[in-house]
Amino acid sequence: MTDYKPLQFHVPEPTGRPGDEPDFTGIEIPAAGSAERPPIDVDDNDIKHLARTMIRVMDKDGNAVGPWAEDIPEDVLMHGLKSMIRTRAFDERMMTLQRQGKTSFYMKCTGEEAIAIAFQQALSKGDMHFPTYRQQGILLAQDYPMVDMINQILSNAKDPLKGRQLPILYSVRDYGFFTVSGNLGTQFVQAVGWAMASAIKGDTKIAAAWIGDGSTAESDFHAALVNASVYQPPVVLNVVNNQWAISSFQGIAGGNSATFAERAHGYGIPSLRVDGNDYLAVYAVSRWAIERARRGFGPTLIEWVTYRVAPHSTSDDPSKYRPKEESSAWPLGDPILRLKNHMIQRGLWSDERQTQAETEFDEEVRAATKEAESHGTMGSGASPKEMFECVFKEMPPHLREQRQKMGV
Amino acid sequence: MPQMNMIDAIRDAMDVKMAEDDNVVVFGEDVGYFGGVFRCTHGLQEKYGTSRVFDSPINESGIVGTAIGMAAYGLRPCVEIQFADYIYPAYDQIVSEAARMRYRSSAEFTSPLVIRTPCGGGIFGGQTHSQSPESLFTHISGVKTVIVSNPYDAKGMLISAIEDDDPVIFFEPKRLYNGPFDGHHDRPAKNWSTHPKGDVPEGHYTVPIGKADVVSEGSDVTILTYGTMVYVAEAVKQETGIDAEIIDLRSLLPLDIDTIVASVKKTGRCMVLHEATLTSGFGAELAAQVQERCFYHLEVPVGRVTGWDTPYPHAQEWDYFPGPARVGAELKAMMESV
Chain A
1 MTDYKPLQFH
11 VPEPTGRPGD
21 EPDFTGIEIP
31 AAGSAERPPI
41 DVDDNDIKHL
51 ARTMIRVMDK
61 DGNAVGPWAE
71 DIPEDVLMHG
81 LKSMIRTRAF
91 DERMMTLQRQ
101 GKTSFYMKCT
111 GEEAIAIAFQ
121 QALSKGDMHF
131 PTYRQQGILL
141 AQDYPMVDMI
151 NQILSNAKDP
161 LKGRQLPILY
171 SVRDYGFFTV
181 SGNLGTQFVQ
191 AVGWAMASAI
201 KGDTKIAAAW
211 IGDGSTAESD
221 FHAALVNASV
231 YQPPVVLNVV
241 NNQWAISSFQ
251 GIAGGNSATF
261 AERAHGYGIP
271 SLRVDGNDYL
281 AVYAVSRWAI
291 ERARRGFGPT
301 LIEWVTYRVA
311 PHSTSDDPSK
321 YRPKEESSAW
331 PLGDPILRLK
341 NHMIQRGLWS
351 DERQTQAETE
361 FDEEVRAATK
371 EAESHGTMGS
381 GASPKEMFEC
391 VFKEMPPHLR
401 EQRQKMGV
Chain B
1 MPQMNMIDAI
11 RDAMDVKMAE
21 DDNVVVFGED
31 VGYFGGVFRC
41 THGLQEKYGT
51 SRVFDSPINE
61 SGIVGTAIGM
71 AAYGLRPCVE
81 IQFADYIYPA
91 YDQIVSEAAR
101 MRYRSSAEFT
111 SPLVIRTPCG
121 GGIFGGQTHS
131 QSPESLFTHI
141 SGVKTVIVSN
151 PYDAKGMLIS
161 AIEDDDPVIF
171 FEPKRLYNGP
181 FDGHHDRPAK
191 NWSTHPKGDV
201 PEGHYTVPIG
211 KADVVSEGSD
221 VTILTYGTMV
231 YVAEAVKQET
241 GIDAEIIDLR
251 SLLPLDIDTI
261 VASVKKTGRC
271 MVLHEATLTS
281 GFGAELAAQV
291 QERCFYHLEV
301 PVGRVTGWDT
311 PYPHAQEWDY
321 FPGPARVGAE
331 LKAMMESV
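In order, the protein sequences belong to chains A and B.
If you use the working numbering, the first sequence corresponds to residues 1 to 408, in order.
If you use the working numbering, the second sequence corresponds to residues 1 to 338, in order.
If we strip away everything but chain A, and leave its shape as in the complex, we get:
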């Protein structure tokens, strides 16, 4: 006889499924301005609480409050807002292109625009992002030619990547945009290596690593953190917690047990948890972490709390696994609307200008799409000959023979 009860297997469940009312009561939202702003040379032990709270700057009336409220130059704010509106317009049009059969695949970043864009604005030329597939804002914020992005999405004759890479997995070295893998988590540790190289060479460049909440479960997340902890390279480790990894909620990645920011604690890496839909907070915290890295104080992990309003990709249907109204019930709101309100409040913007900007960017995307389509869609125009190029620097005999066999 034993008094042990049968063990029970635990599988976390989200707070709502299709048909349920959305429930975000479990997400604590501290008042804007309530989180302290430590010096950049802070000891990680002194800011453990910042991994459990949420750094927020904009209050509900759109005022910038608290120690993280910075005097952000107006042109930066203006460019940030416009880049977000432009990114959303871009995403909408690309989604349509996929529905029209002109590309095989697309992924939107709706609701998450502030994170990539404000972070990019805080970065310097020569730094390098190791992005995931939902950071198109990095390129759009730098005014990388939109038509080249679409050429890549269409895999056409002008595709900078020659049709060899899946749509949206861009690579743009001159814009600090590392070639996006489709494998998850692999690039988090590569960013650490890139930052180690900058330190080995005695340069002042920093790396920005990107990963989603779901992919923090990958072994490479640990690989990145342990290497960042050991070598203290100039890297900012960004975790975009958008609540959903395709159909798995963040609890399946362990998010119910500790915040993603808290994971850094075991490695002695300072970490911050931030309202990712608050452009002002994203910009201020990005600048803090980037300066920290560039001044030689080592890595920082930042959890950006946001919500994936869009489906995972064009192949996904969120109505099958989450409450329909969940995105509109998301308590941190919409990053574009929030920054818009802040800027209207400060007399820098207006509803009319907002509408005008939306129209303007929609037209820009339409024109760029038209131009890109003239070079081909859905792979037409991509040369079969290109398939054999760039496997190696110099084509080895066996590939040459295979290319000849194919007759290209």
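Among the clues, some could well be false.
Only pairs whose alpha carbons sit at most 16 Å apart, straight line, appear in this in silico EDC-like list of lysine to aspartate or glutamate [to be verified]:
#1 B/K266 with B/E217
#2 A/K405 with B/E292
#3 A/K393 with B/D22
#4 A/K405 with A/E386
Pulled a few chain A residues facing chain B out of the computed Cβ check, cut under 10 Å [unchecked claim]:
#5 A157
#6 P160
#7 A367
Residues from chain B that keep clear of chain A, each with C-beta distances beyond 10 Å, as calculated [to be verified]:
#8 D186
#9 E202
#10 A315
If you're looking for bench data, these hints aren't it; they were derived computationally from the structure.
Glycine residues also receive a C-beta, built at the ideal position from the N, C-alpha and C atoms.
Starting from the structure of chain A, add chain B where the hints point.
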């Protein structure tokens, strides 16, 4: 000319390249202060400092993943995976990342890195220190795969590998580190001091990747082999009197198919010999290519002698290892079957 064993030759290659090029960095488990469990990096940290030669956490994916980031930055990392048996945690980084970097970025980003790793058995290392996983790397597109068999080639090919603009997996048969081993495990070990390939020039020289070496000419049969098995083949040739042409492939990918075809067309027979397991081993690729290109010259089917399709055993090491007795018997059978 200095006499070197393979460990010295490999260390000398890194030393030469580190002196020439500040971008060459060396790291891996135990490679820093201690100089590596096989001593291949001994003295390099003292000479070049901890920012260019350092210990890594025990995380193979991290070793290769950070090396990929460094290579993208412009460095030329030459990293060590302590045993080839430990390379699997890094497989994703090699297959999905290093191998495809150039392809998927249209050469905006590349992975000029070298992954050195000791392979093969013969040291009673059991299943975790004896494997020969070369075919797992030749099967993917975008990495070069090299296996060296002597000090001279080891130094020259490692320099070539470090200078190569694409990722190279550099296998070092650990049983050959201290001397040529012909599979006669019950006889006294030989060392490199009496072998001509133990003469290793000082300074910079290269042995090209992609060129096989005809180590022994012959007219009866071609033996396609690499690594430790080169010396098994030589012993068998001597012991059986069969006039075998022995080709040390050295580079599995790119493969020197021209040298292979010329030899098989001359001899009319072909044996493929490797230590790795049989099924889907690199020998399968060799056999396929030989029959595609030399079918009408073949007197007998291509023969394969390899490790058995089992995990590498401990106590039964010499039953597993394709030693001279097994190779000799197979070779005789091939000669007698027509």
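Hints versus structure:
1. B/K266 with B/E217: 11 Å, holds
2. A/K405 with B/E292: 14 Å, holds
3. A/K393 with B/D22: 22 Å, violated
4. A/K405 with A/E386: 15 Å, holds
5. A157: Because about 14 Å separates A/A157 from the closest Cβ in chain B, which is outside the 10 Å limit, the hint is violated.
6. P160: 6 Å, holds
7. A367: Check failed: Cβ of A/A367 comes no nearer than 25 Å to chain B, outside 10 Å.
8. D186: Since the minimum Cβ distance to chain A is about 41 Å, B/D186 lies beyond 10 Å and the statement holds.
9. E202: It holds; B/E202 is separated from chain A by about 28 Å at its closest Cβ, greater than 10 Å.
10. A315: 33 Å, holds
In summary, the numbered hints that this structure violates are 3, 5 and 7.
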